[in-house]
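There are 2 protein chains.
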Amino acid sequence: MKRIGFLLIAVVTVAGIVAHMAHASGQSDGDSSPIYGVKIPAGYRDWQLIAVNQLLFAGKGEQLRAQLGNDIAIKAFKEGTLPFPDGAMIAAIHWTRVPSEANNKVLDVPSPGTQSFVIGSLVNVQFMVKDSKKYAATGGWGFADFTDEKPGDKALHETCFPCHVPAKDRDYVYTQYAR
Amino acid sequence: MKRIGFLLIAVVTVAGIVAHMAHASGQSDGDSSPIYGVKIPAGYRDWQLIAVNQLLFAGKGEQLRAQLGNDIAIKAFKEGTLPFPDGAMIAAIHWTRVPSEANNKVLDVPSPGTQSFVIGSLVNVQFMVKDSKKYAATGGWGFADFTDEKPGDKALHETCFPCHVPAKDRDYVYTQYAR
Chain A
0 MKRIGFLLIA
10 VVTVAGIVAH
20 MAHASGQSDG
30 DSSPIYGVKI
40 PAGYRDWQLI
50 AVNQLLFAGK
60 GEQLRAQLGN
70 DIAIKAFKEG
80 TLPFPDGAMI
90 AAIHWTRVPS
100 EANNKVLDVP
110 SPGTQSFVIG
120 SLVNVQFMVK
130 DSKKYAATGG
140 WGFADFTDEK
150 PGDKALHETC
160 FPCHVPAKDR
170 DYVYTQYAR
Chain B
0 MKRIGFLLIA
10 VVTVAGIVAH
20 MAHASGQSDG
30 DSSPIYGVKI
40 PAGYRDWQLI
50 AVNQLLFAGK
60 GEQLRAQLGN
70 DIAIKAFKEG
80 TLPFPDGAMI
90 AAIHWTRVPS
100 EANNKVLDVP
110 SPGTQSFVIG
120 SLVNVQFMVK
130 DSKKYAATGG
140 WGFADFTDEK
150 PGDKALHETC
160 FPCHVPAKDR
170 DYVYTQYAR
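Those sequence lines, one after another, are chains A and B.
Letter 94 of the first sequence, counting from 1, is numbered 93 in numbering that gives the first Met the number 0, and no numbers are missing.
Letter 13 of the second sequence, counting from 1, is numbered 12 in numbering that gives the first Met the number 0, and no numbers are missing.
So that you can see chain A by itself, here it is in the shape it has in the complex (with noise of 0.2 Å):
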């Protein structure tokens, strides 16, 4: 068991880094998504709000996130349904995180000192698409992650299942419904 342990932490761990290097240096062709084929959802960026969250990435970075869902999975969501039905999906839109000096000279005056950070530009947008039969390999999810509206390569889409799969308990999916 503890060699099956290493060996699988020693591949998610290549994995990860052969998908970084390749993310960093190339795309794939097409519109949808290596392995999955999901193409960008039309009007995602008008779904609901499901949460915020923000990553210091160790010398890569800051970022602030937001996570947004369709009527379907804003839907279970809300009233707690898992697994999540068939033609749920969940766009998390990633931006880069900078200083506003505009704000922190605001809020300096009720709250002295206050760091205030806002949206830089967009870096990337993953999303998770529920079809039980078709992902059925893959918890019931696709994957997918676009930058500049291209689909990273391959070897990226290797690595979403794997790191979703510690949140199995919650139909692989982090992110929680934010009241």
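Note that identical chains are pooled: a pair holds if it fits in a single copy or bridges any two copies.
With a Cα cut of at most 20 Å, we get these calculated EDC-like pairs of lysine to aspartate or glutamate: (1) Lys77 <-> Asp45; (2) Lys132 <-> Glu157; (3) Lys104 <-> Asp168; (4) Lys74 <-> Asp45; (5) Lys104 <-> Asp170; (6) Lys59 <-> Asp107; (7) Lys167 <-> Glu100; (8) Lys74 <-> Asp168; (9) Lys38 <-> Asp147; (10) Lys104 <-> Glu157; (11) Lys167 <-> Asp107; (12) Lys38 <-> Asp70; (13) Lys153 <-> Asp30; (14) Lys149 <-> Asp30.
Calculated from the structure, these hints are not laboratory results.
The hints should help you fit chain B onto chain A, whose structure is shown.
Here is chain B on its own, set in the frame of chain A:
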């Protein structure tokens, strides 16, 4: 001019401090904001996302924030319409920011040392409601700040408009639509 400038800053500063103390110590009794009479708009949590941001208050906690807009506001943001038309409403939802050990563990594989922060709990919700006649004295905007669904007091609400004056060229709205 210098004296007027100093006086203005002094008034805003004192108002800010008083408002903060009042906010910490008590709420008004009604279900609408003092001065403006703004109630919590029904269904605001389902409005579309304008943007997200983050605040680090000096010694007073950390927040993740999202701004949502009703259909009229979102259309104006997307089309760059200024001033915002009557009926536009903006909600600013403020949550505490907490580190996510679960996320860090997963993200550590592809990106060692990554720090992930997610939403803790709801702090307060603020609203801006556009009615150019009713709120002519405050740039056409009515303001409201609710904690636990109860509006803050008069002193708190006296600070809303002065803080938004520096954004006059964007019709008193700081948030910009995140694309």
